[in-house]
Structure formats: C-alpha cells, structure tokens
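Residues per chain, in single letters:
There are 2 protein chains.
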Amino acid sequence: MPHDSRILHPALRGRLMSADDAARLILPGDTVGMSGFTGAGYPKAVPAALARHISAAHAAGQPFKVSVWTGASTAPELDGALAAADGVELRLPYQSDPVCRQRINDGRMEYLDIHLSHVAQFAWFGFLGKLDVAVVEVAAILEDGRLVPSTSVGNNKTWLDQADKIILEVNSAVPAGLDGMHDLYYGTQLPPHRKPIPLVRPSDRIGEPYLRCNPDKVIAVVQTDAPDRDTRFAAPDEASRRIAGHILEFFAHEVAKGRLPAELLPLQSGVGNIANAVLAGLGDGPFENLTAFTEVLQDGMLDLLGSGKLAFASATALSLSSQAREAFNADLARYRSRILLRPQEISNHPELVRRLGVIAMNGIIEADLYGNINSTHVMGTQIMNGIGGSGDFARNGFLSIFMTPSTAKGGSISCIVPMTPHVDHTEHDVQVVVTEQGLADLRGLSPKQRARLIIERCAHPDYRPALRDYCQRALAGSPGKHTPHLLEEALSWHVRYLRSGSMAAQA
Amino acid sequence: MPHDSRILHPALRGRLMSADDAARLILPGDTVGMSGFTGAGYPKAVPAALARHISAAHAAGQPFKVSVWTGASTAPELDGALAAADGVELRLPYQSDPVCRQRINDGRMEYLDIHLSHVAQFAWFGFLGKLDVAVVEVAAILEDGRLVPSTSVGNNKTWLDQADKIILEVNSAVPAGLDGMHDLYYGTQLPPHRKPIPLVRPSDRIGEPYLRCNPDKVIAVVQTDAPDRDTRFAAPDEASRRIAGHILEFFAHEVAKGRLPAELLPLQSGVGNIANAVLAGLGDGPFENLTAFTEVLQDGMLDLLGSGKLAFASATALSLSSQAREAFNADLARYRSRILLRPQEISNHPELVRRLGVIAMNGIIEADLYGNINSTHVMGTQIMNGIGGSGDFARNGFLSIFMTPSTAKGGSISCIVPMTPHVDHTEHDVQVVVTEQGLADLRGLSPKQRARLIIERCAHPDYRPALRDYCQRALAGSPGKHTPHLLEEALSWHVRYLRSGSMAAQA
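Chains A and B, in that order, give the protein sequences. full-length UniProt numbering applies: residue 1 is where the first sequence begins, and numbers increase by one. full-length UniProt numbering applies: residue 1 is where the second sequence begins, and numbers increase by one.
These aren't lab readings, by the way, just hints derived from the structure by calculation. Don't take each hint at face value.
A pair counts as met if it fits within one copy or between any two copies, since identical chains are not told apart.
Unchecked claim - Under the rule of at most 30 Å between Cα atoms (straight-line distance), these lysine-lysine pairs were calculated in the BS3-like manner:
id : residue 1 : residue 2
1  : K195      : K257
2  : K217      : K409
3  : K448      : K309
4  : K165      : K309
5  : K409      : K448
6  : K257      : K130
7  : K130      : K65
8  : K65       : K257
9  : K130      : K217
10 : K257      : K309
11 : K409      : K130
Sequences and hints are given; from them, build the entire structure.
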C-alpha cells in the first residue's frame with residue numbers, strides 16, 4: 001500500500017513534512033511521549049532528527065534536553081540516538097538500549113522505572129507532569145482522523161489523549177493487514193468513575209480497532225518506510241532448555257494434581273532467551289489449546305500460534321526477528337483472528353491478570369535464599385533494563401515463576417545469593433524459582449524452608465556449600481531466626497565480585 | 001439475645017458441647033482455619049482448650065502441633081495460648097501476638113507472611129495444602145444452617161467451604177444488631193471461570209448477609225460469651241499529629257491541583273497509633289463525604305462515621321477498643337446503613353482497589369534512601385507482625401503513602417537508612433513517604449532525586465549529615481550511578497545498632 005492511500009484525512013495530508021521539520025517542532029525542555037514497545041512500533045525518523053538537532057544545539061553551546069516517555073524499550077534509532085546526543089533529561093519506563101543504559105549508569109541521565117500497567121494512569125492522574133508532544137508511529141490515518149495502530153499499542157492511546165501536540169509517523173513498512181488486529185479499550189476512567197473491564201477471556205474484544213485522535217492537535221505528519229528492530233534471540237542453549245524442561249514438568253505435575261486445567265491458564269512470558277526456550281518447550285510439550293495474556297508476542301509465541309498449540313494470544317506488541325516478521329507478514333490471514341494487540345494498561349491490568357489467573361514467567365538477575373528477586377540491578381547499583389510488566393503479573397497472577405541460569409559470567413557469579421542488594425519482587429510475590437539445576441516450589445513454605453529448597457534445587461553445586469554454610473551460621477548467629485541473616489556478610493558475595501571478579505570464596 | 005435464640009438449626013443445636021470436648025476433635029498434625037482479623041471475631045474458647053490439650057500431650061511426652069491459618073491477627077486467647085503451648089507448626093498470615101512473635105523469632109515456629117488478598121485463593125488453588133478443620137466464631141446460626149458472621153469476616157467463607165470439619169463458636173457477646181452489616185460475595189470462582197466483581201462504590205452490596213455452611217460438616221457447636229480483644233491505641237502523640245498534618249496538607253494540595261476530588265478517594269488505613277492520628281486529623285480537617293475501602297474499622301474511623309465526615313466504610317473487621325465498642329453497640333442503628341463487612345479477599349481485592357482508586361496509608365518500620373520500604377522485619381531478621389494488606393493496597397491503589405516517625409528507640413534508630421535489610425514494598429510501589437519531619441512526594445522522580453527529597457524532608461536532622469555523606473560517597477564510589485550504593489557499608493547502620501545499641505556514628 002503506497003503512502004498516499006495511508007493518509008486519508010485531507011487536512012492531515014496537508015501537514016506532511018520531513019522528519020527534520022517535524023523534529024524542529026519539539027522544543028528544549030519538552031516532555032515527549034513516544035510510541036514503541038520492545039522494539040516494535042516506535043517512530044523511525046523523528047527521534048533521530050531530534051537527536052541531530054540536539055547535537056547541533058550542543059555544538060553551538062546551547063542546552064537542549066527532552067524527557068522521553070515510551071511504552072517500553074525502543075531501538076537504537078530512538079533511545080540510542082537521543083542518549084548518544086546527551087539529549088534526555090529523564091526517561092521512563094522500561095529501556096534496554098546499551099547507550100541509554102550506559103548513560104543512566106554513568107549518572108548522566110535520570111531514569112524512572114515503573115510497573116508498565118501504571119504508566120498510563122500515572123500520566124492521566126497528573127503524577128508525572130505535563131506531556132507536551134506525542135510522537136506516534138501508525139500504520140495509516142483514516143478519513144475521519146482515526147489511526148490504524150502499528151506493531152505495538154503501548155501507551156499510544158494515552159499519549160494521543162494527553163499531549164498538547166501530536167506528530168504522527170505513517171510507516172508504509174507496517175503491513176496493511178494489521179488493520180483489525182488491535183483492540184483499543186476506551187472505557188477506562190479516572191476514579192471514582194471506573195467500571196469493571198468486561199474482559200473474561202484473552203480473546204475477548206472489548207474496544208475499537210482504531211486509535212482516536214484529535215486532528216487539531218496534529219502538528220506534523222511524517223512518512224517513513226522502515227522495519228522494526230530485529231528482535232532476535234539466541235537458539236535455546238542447554239541451560240535454557242533445562243529450565244524449560246523443569247517448568248513443563250511442573251505444569252504436568254500441577255495438571256495431574258488438579259491444580260491447573262489441561263490447557264493450563266493464560267500464559268505471560270517475559271522477553272529473552274530463556275522465555276523463548278520455554279515457549280519452544282511448550283511447542284514440543286503435551287499441552288494443547290493454550291492461550292496467552294501477555295505483553296509481547298515474540299518469535300516463540302508465533303511458532304506456537306503457527307503450530308496450533310496456542311489458540312489465542314493477547315499482547316501489546318509484536319516483537320519479532322526479521323525472519324519471523326517476514327513469515328508473519330506473508331501469512332497474516334492465518335494469524336489475524338488469533339491475535340489482539342491492546343494498550344499496555346489493559347495487557348498488564350491487575351484486574352484482568354487476577355481475573356484470568358495468568359501464569360507469570362519472568363527472567364531475573366538473581367534470587368536470594370528467601371525468594372526475594374532482583375530483576376533490574378547488576379550488583380545492586382547498575383540498571384539493566386527495568387522491571388517491565390513482571391510486577392503486574394507476579395503480584396496479581398495465579399502463579400509467579402522466576403527463571404535464571406544458576407550462574408552468570410562463566411560461573412563467577414552465582415545467581416542465588418545470600419541477600420540481593422536490590423529487590424524488585426519480594427518474598428510475598430515469588431512462588432517458583434527455577435534454574436537449569438531444578439525448580440523450587442516455594443508455595444506454603446516459611447523463609448527457612450524456602451532457603452533449603454532454593455539451595456538444594458536451584459543453586460549451582462559449586463556454590464551450594466557456601467550457601468549452606470551461610471544459612472547455618474546465620475541461623476546460629478542471627479538475632480532473629482525468622483529470616484536469618486548475618487548483616488555483616490549478607491552482601492559480601494557482591495562485594496567480593498566487585499573486588500575480585502568472582503563471587504567464589506578464595507581458596 | 002440468649003444463646004437459645006442464636007442456634008436455630010435443630011441438628012446443630014444437637015451438636016452443642018463444651019470447648020474442651022470440641023477441641024478434642026482437633027488432632028495432632030491438623031491444619032486449622034481459625035476466624036479472626038485484627039483482634040475481632042476470633043474463637044474465644046476452643047483455641048485455649050486446644051492449647052491445654054497440647055500442653056497435656058507434651059507433658060505426657062507426646063508430640064502435638066497444628067498449623068493455624070487465620071484472617072489476620074487474633075488475641076492472646078488464640079495465638080498467645082497456642083504459641084505458649086508450643087503447639088503451632090506453621091502460622092499464616094499476619095500475626096501480632098508477642099508470644100507468637102517471640103516463638104517465630106526464636107526459630108521455634110514457622111511463619112508464612114502472605115498478602116491478605118492472596119490467602120483465600122491460595123487455599124482454594126490448593127497451594128497451601130489441605131484444610132482439616134475450621135474453627136469459626138459467629139453471632140448466630142439460622143434455622144437453615146446459614147451463619148450470621150461476627151465482628152470480622154476475614155477468610156471465614158473460605159475456611160467453611162474448604163475445611164473437612166467445622167467447629168462453630170456462637171458468641172452471645174456479639175451484638176445481635178450486627179445482623180445485616182455483612183456482605184458475603186459468593187461470585188468468586190477458580191480461573192478460568194472468573195467474572196468481573198460488580199462493585200463500583202465502597203457502599204455497593206454485592207453479596208448476601210450470611211455465610212453459607214454445610215451443616216453435615218459441623219462437628220461441634222460451642223457457646224461463648226466473651227468480648228473481642230480491646231484494641232486500644234495511644235492518644236496521638238506530637239509525632240503522629242505532625243505526620244497527620246503533613247498528609248492532610250498534601251491532600252489539600254492535591255485537591256487544589258485537581259488531582260484529587262474534594263471528597264478525596266476511598267481511604268485505606270493500616271492499624272496503629274499513626275493511622276489513628278491521621279483519622280483524627282481527618283476529623284478536624286476540611287474534607288467531607290469521605291469513604292473508606294479498607295481492612296479494619298478502628299476507633300478513629302468510627303469517630304469519623306459518628307461525626308459524619310465519613311459517609312461510608314467498607315472493611316473486613318470491626319477492631320475497636322472496649323470503650324468504642326460500647327459506644328458502637330449502644331448506637332448500632334446509627335451505623336448499620338453505613339458499614340459493610342466483607343471477606344478479606346474482597347476488602348483487599350486488586351481489581352477493586354485499582355478500580356476504586358484507593359488511597360493507601362500504611363505504617364512501616366523503615367524506608368531507604370530510594371524509597372524501598374521494610375514493613376515487617378526488625379533489623380532485617382526479626383518479624384514484627386507481617387505485611388498485612390499493605391501490598392494489596394500500595395501496588396494497586398491510586399496513591400501509596402507510607403508513614404513512620406523519623407526515629408525509633410529514643411533516637412537511637414533512624415527510620416530512614418541507606419539500605420533496608422528487608423524489602424516489602426519496592427521503589428516501584430512507593431509514592432509518598434512521610435515522617436513527623438515532613439513529606440516526600442516521590443512521584444515522577446528518579447532514584448537519586450528521591451534520595452535527596454527523602455533525606456531533606458523525612459530524615460531526622462540528627463541523621464541527615466550522615467545520610468548526605470553516604471549519598472555523596474556512594475555517588476562517587478558506586479560502580480553504577482543509577483541507584484548508588486556502597487555495598488560494604490549499605491547495611492552498616494543496622495550492624496552498628498546491633499553492636500552498640502545505636503545507629504548514630506560514634507563521635
């Protein structure tokens with residue numbers, strides 16, 4: 001479909017301009033709400049043009065920074081370019097760009113990590129301040145000004161509603177066949193006017209296929225023709241396959257015990273190599289007629305849809321490798337009745353996650369003996385990506401599963417530690433921890449019982465003796481024996497790693 | 001009302017027996033679901049009789065322990081008696097009994113701390129194992145076997161449904177006029193069969209006034225005539241009054257900014273002296289037509305209902321001082337149309353907390369520089385009471401406020417610390433921290449920005465220099481500058497307190 005047939009609103013066609021000219025409408029100090037969720041549906045041209053303007057201003061000695069709100073992670077053309085230009089005052093929420101991350105960890109960019117289901121409502125509540133400009137990628141502009149969303153929905157509905165000014169990028173690389181795969185729910189309200197959200201199955205359509213947009217607020221329309229980020233995962237390695245195996249075995253056990261139906265419950269899966277391996281494992285497993293109620297539809301989930309194992313997937317983003325994207329685009333008719341893309345406040349909504357009984361599966365950085373989870377901070381101080389939606393799903397779902405290899409950096413880091421120096425998921429929200437070593441089912445266990453299980457089932461054998469030793473000494477020496485700790489050495493594994501490059505005690 | 005008119009079911013009247021005989025029906029190894037929530041509606045006679053049997057068994061060299069599930073905290077006659085008899089294998093969820101706490105912290109009793117909205121569903125899901133016996137206090141037994149609930153609902157609906165055997169305590173001290181003040185929602189289901197919960201205002205009645213009960217499962221009925229725990233709070237001290245003042249000023253500011261309606265949003269208030277002071281402050285404040293959607297209706301809230309400031313209160317327990325209880329009982333007609341007591345899975349339900357936009361106000365033990373909260377563990381290892389419902393409300397509500405005096409133990413403990421050695425509420429769930437020193441509004445701030453505000457607004461002046469110094473050195477020396485920390489000394493304040501009795505650095 002050529003661009004001409006994608007911009008059907010006459011007045012908005014009159015606002016066509018170059019990315020460069022559009023970016024000039026963004027001013028120093030502005031807060032900009034960008035589209036984009038896990039490398040899908042982010043604006044391809046305006047952010048880079050903005051970054052060039054910022055660099056030019058800096059070269060001329062003029063300060064120029066903006067604050068950037070998104071759905072979740074974007075791509076080098078957005079987060080990378082703006083961070084490299086030192087153009088970002090504050091970024092929220094989830095990000096995963098290496099340049100952006102470095103800038104945050106160098107202390108040169110402020111970053112605010114928020115549960116993904118909270119972002120939109122915090123914006124309407126006025127908790128985050130004023131939104132000046134929205135920059136949103138769309139697949140097309142309809143005659144009446146409504147917008148066909150792109151490969152992610154994220155917070156676009158909220159950005160379009162809340163921003164004073166709107167810049168639209170119409171990307172002709174987005175397949176026209178996506179039209180109709182979105183479900184925009186316009187029933188959310190500010191409290192005390194909220195009503196029940198009428199969704200009881202992942203496949204329920206509760207909204208409209210198009211984004212509403214006030215054409216009077218649109219200050220620029222930019223044409224692009226560029227693909228999304230190529231979101232590629234490594235082929236499952238041995239550790240990932242073993243983690244997947246433990247989880248599948250656990251599911252089978254739960255079904256046998258009558259605690260899960262044969263088709264399980266709607267699955268949420270974080271992004272990454274391990275999540276992809278779990279999805280691959282489900283493809284080979286005994287479970288049929290699965291559903292997903294999740295954030296991101298990644299390659300592994302598309303395979304499950306393709307094989308028929310997965311009956312339906314509700315998400316907020318299509319985050320695919322270039323290869324999977326081609327296959328998807330070539331076979332869209334096959335998928336379009338089995339996928340709905342929703343705003344992230346709906347894909348991650350506590351009400352819906354609890355009602356549907358979602359099974360949450362998320363990767364982590366490390367777990368401690370008592371089941372507290374660090375999902376975000378390397379050695380307690382350096383942000384990795386962000387909490388994403390893991391908290392929305394783990395707190396409110398049916399079952400919360402956290403996954404990690406037992407070690408990292410060639411064995412020099414144990415991912416099971418005495419105490420995590422940052423906590424994103426507390427002991428209260430963690431029911432299962434799984435590594436390639438095994439699975440610890442923590443349901444119904446006290447802290448000390450959890451510790452025994454986590455060490456024996458999840459820790460790497462090389463680190464088990466030291467963990468057992470810590471536990472025994474903590475139980476003897478701790479003033480409180482409910483959650484025994486020796487505070488002098490609780491973080492010593494991390495200190496040792498920072499000093500010596502290994503958590504292992506020196507021989 | 002005499003006992004005779006409280007037990008109208010003929011067959012159940014035939015199962016009347018002494019507490020002693022009823023307690024004999026509880027066997028070693030049983031899991032017992034007891035009624036009781038914050039000292040209200042707990043069984044008054046059978047637990048103490050059970051404790052005597054356990055002591056006798058122990059004296060005869062026979063092992064005898066049970067696991068005890070409740071709604072929340074009970075009283076010395078239940079938690080205290082069973083703990084003193086060394087009769088509890090595992091206790092869940094929230095408890096606040098000093099003997100019980102000591103036993104847990106000595107490592108002689110297992111304790112499992114669970115979000116209060118999760119307990120009932122974990123029981124139905126089969127995550128906690130089998131429930132053998134329910135011991136539930138009621139106000140009366142109707143002719144058809146249905147039960148008039150007592151002063152708390154808690155998890156009683158679930159215990160009655162799930163237990164193999166039921167022991168009822170009919171307490172004639174519970175005013176007959178409570179009949180009709182309960183709302184038992186029987187629409188919850190196991191996923192994937194759950195439907196929206198049709199509650200959109202705190203005052204909505206969505207269920208039935210009585211508990212359903214299968215008379216065939218009732219193995220004993222015991223008559224009692226004993227009051228609930230006398231839940232008394234200290235009169236607000238200067239620090240509590242100042243905390244309340246900061247919160248009221250904040251509410252007024254939010255109303256002025258248009259971020260809160262004039263009647264605010266439904267209030268949730270934790271239990272304790274500070275919460276009571278905030279409620280007293282609201283009584284003197286400018287806000288009218290308030291509502292509460294909370295767990296516990298305590299003295300301060302009853303005063304607000306009495307003065308007319310509070311239009312309606314939804315809770316799961318009436319937790320009153322003996323004085324307030326007398327006033328309440330004498331004037332029941334005045335309150336009965338303005339209070340509903342619901343199961344705790346409804347009073348704390350994520351779906352409802354999010355929909356209603358609850359303002360969560362909870363007391364804590366300590367906060368760290370970045371807004372992570374420890375609600376449960378003294379010096380990281382000794383359980384205080386438990387997380388209660390604070391996580392249900394803080395994660396899913398409109399606004400999460402955490403309150404503490406800036407110091408404890410006569411100034412030897414700073415309640416603002418570099419790092420908390422236990423985390424119950426992560427940085428992602430904490431929007432406002434308030435001490436008598438001031439209020440830190442953390443919305444929209446990055447970790448470093450939060451730290452500055454928490455130190456300058458909340459920390460005690462005696463501890464501010466040391467906190468500033470830590471921050472500065474952490475920013476210089478931390479490998480990551482997103483959440484700067486010096487891991488070697490992050491917990492040193494707690495270590496110093498344990499060694500020297502004070503967190504203050506030696507001069």
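Evaluated hints:
In this assembly of identical chains, K195 and K257 lie within 30 Å of each other by CA distance solely across copies; the values are 24 Å between and 36 Å within a copy. Taking the closest pair of Cα atoms, K217 and K409 never come within 30 Å of each other, the shortest separation being 50 Å inside a single copy and 57 Å across copies. Taking the shortest Cα distances, K448 and K309 never come within 30 Å of each other, neither inside one copy (39 Å) nor across copies (46 Å). Taking identical chains as interchangeable, the C-alpha atoms of K165 and K309 are never at most 30 Å apart, the minima being 44 Å within one chain and 42 Å between chains.
In the homo-oligomer, the alpha carbons of K409 and K448 lie at most 30 Å apart both inside one protomer (28 Å) and across protomers (29 Å), since each shortest distance falls under that limit. In this homomeric assembly, K257 and K130 come within 30 Å of each other (Cα to Cα) only across copies, at 13 Å, whereas the closest approach inside a single copy is 52 Å. For a Cα distance limit of 30 Å, the shortest separation of K130 from K65 inside one copy, 15 Å, qualifies, whereas the shortest one across copies, 59 Å, does not. Proximity of K65 and K257 under a CA criterion of 30 Å is satisfied inter-copy only: 27 Å between copies versus 57 Å inside one chain copy.
Only within a single protomer do K130 and K217 lie at most 30 Å apart by alpha-carbon distance; the minimum there is 15 Å, versus 60 Å between protomers. For the homomeric pair K257 and K309, the shortest alpha-carbon distance inside one copy (22 Å) is at most 30 Å, but the shortest distance between copies (51 Å) is not. For the identical chains of this complex, K409 and K130 are neighbours neither inside a copy (42 Å) nor across copies (43 Å), given an alpha-carbon limit of 30 Å.
Checked against the numbered hints given earlier, this structure breaks hints 2, 3, 4 and 11; the rest are met.
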